[in-house]
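Chemist: Numbering (the working numbering), first residue to last: 2 to 201.
Hints were generated in silico from the structure; no laboratory data involved.
Treat the hints with caution; some may be incorrect.
Once the Cα atoms are required to be at most 25 angstroms apart in a straight line, the calculated PhoX-like pairs of lysine-lysine come out as [stated by the list, open to error]:
id: 1; residue 1: 127; residue 2: 115
id: 2; residue 1: 28; residue 2: 189
id: 3; residue 1: 115; residue 2: 128
id: 4; residue 1: 31; residue 2: 48
Simulated restraints, written as ranges between beta carbons of each label pair [claimed, not checked]:
id: 5; residue 1: 86; residue 2: 46; range: 19 to 29 angstroms
id: 6; residue 1: 118; residue 2: 95; range: 35 to 45 angstroms
id: 7; residue 1: 178; residue 2: 102; range: 35 to 45 angstroms
id: 8; residue 1: 87; residue 2: 194; range: 43 to 53 angstroms
id: 9; residue 1: 53; residue 2: 97; range: 45 to 55 angstroms
id: 10; residue 1: 100; residue 2: 126; range: 39 to 49 angstroms
id: 11; residue 1: 150; residue 2: 91; range: 50 to 60 angstroms
id: 12; residue 1: 192; residue 2: 50; range: 52 to 62 angstroms
id: 13; residue 1: 50; residue 2: 98; range: 39 to 49 angstroms
id: 14; residue 1: 148; residue 2: 117; range: 50 to 60 angstroms
id: 15; residue 1: 91; residue 2: 47; range: 49 to 59 angstroms
Note that CB positions come from ideal geometry on N, CA and C, so glycine has one too.
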Amino acid sequence: MLLWEVIILSSDTTMVTSEWAMYELAKNAKLQDRLYQEVQSICSSDKITEEKLCQLPYLEAVFHETLRKYTPIPIPFLRFAHEDTELGGYYIPAGTEIDINFYGCNMDENQWEKPEEWNPDRFLDKKYDRNDMHKTIAFGGGKRACTGYQQAMLIACTAIGRLVQEFQWRLEDGEEENVDIVGIINQKLHPMHAIIRPRN
Numbered sequence: 002m003l004l005w006e007v008i009i010l011s012s013d014t015t016m017v018t019s020e021w022a023m024y025e026l027a028k029n030a031k032l033q034d035r036l037y038q039e040v041q042s043i044c045s046s047d048k049i050t051e052e053k054l055c056q057l058p059y060l061e062a063v064f065h066e067t068l069r070k071y072t073p074i075p076i077p078f079l080r081f082a083h084e085d086t087e088l089g090g091y092y093i094p095a096g097t098e099i100d101i102n103f104y105g106c107n108m109d110e111n112q113w114e115k116p117e118e119w120n121p122d123r124f125l126d127k128k129y130d131r132n133d134m135h136k137t138i139a140f141g142g143g144k145r146a147c148t149g150y151q152q153a154m155l156i157a158c159t160a161i162g163r164l165v166q167e168f169q170w171r172l173e174d175g176e177e178e179n180v181d182i183v184g185i186i187n188q189k190l191h192p193m194h195a196i197i198r199p200r201n
């Protein structure tokens with residue numbers, strides 16, 4: 002993989018996560034207002050900073066729930082077993098391709114109540130550790146976990162928070178059905194169309 006591919010993939014996945022979050026917030030005025038009120042209570046008219054992000058639990062919940070429902074890379078790059086091994090009771094011979102279906106894991110009804118619904122409140126539940134990057138496995142895990150996790154969270158949360166802080170969002174009529182995706186990144190096939198009004 003070339004260096005530019007890493008840069009493109011990391012910026013695209015962050016952009017995709019932000020766009021899906023704005024899609025869901027524009028769809029639901031009540032949840033959008035809840036996020037706006039949280040941002041206002043902590044930041045007032047100041048810009049969101051890295052130091053203030055830890056005081057915005059609902060914004061973090063919006064980020065994690067968006068990663069869960071709209072996993073940026075639903076099926077990551079293949080791995081190979083370098084030697085015969087056993088994993089979870091299954092024999093895996095050397096040379097076998099191994100992959101994890103992140104999307105399938107994040108939509109598993111045994112793990113998530115009503116997984117088809119976008120509900121940030123599930124990440125405010127005490128059973129989830131806010132600092133656990135394995136909640137949705139969107140960033141992988143172990144030695145090969147995404148090294149840009151903190152940066153992606155900082156950029157996406159700041160973007161989402163600022164967009165809601167400065168503007169009121171509403172989807173254009175018929176836009177709720179615009180959910181087709183394209184490519185290996187869970188990117189919208191057609192750009193989101195929203196009506197945006199400045200808050201001040």
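Chemist: Check each numbered hint from earlier against the structure, then list the numbers of those it violates in ascending order.
Modeler: Violated hints: 5, 7, 10, 11, 12, 14; rest satisfied.
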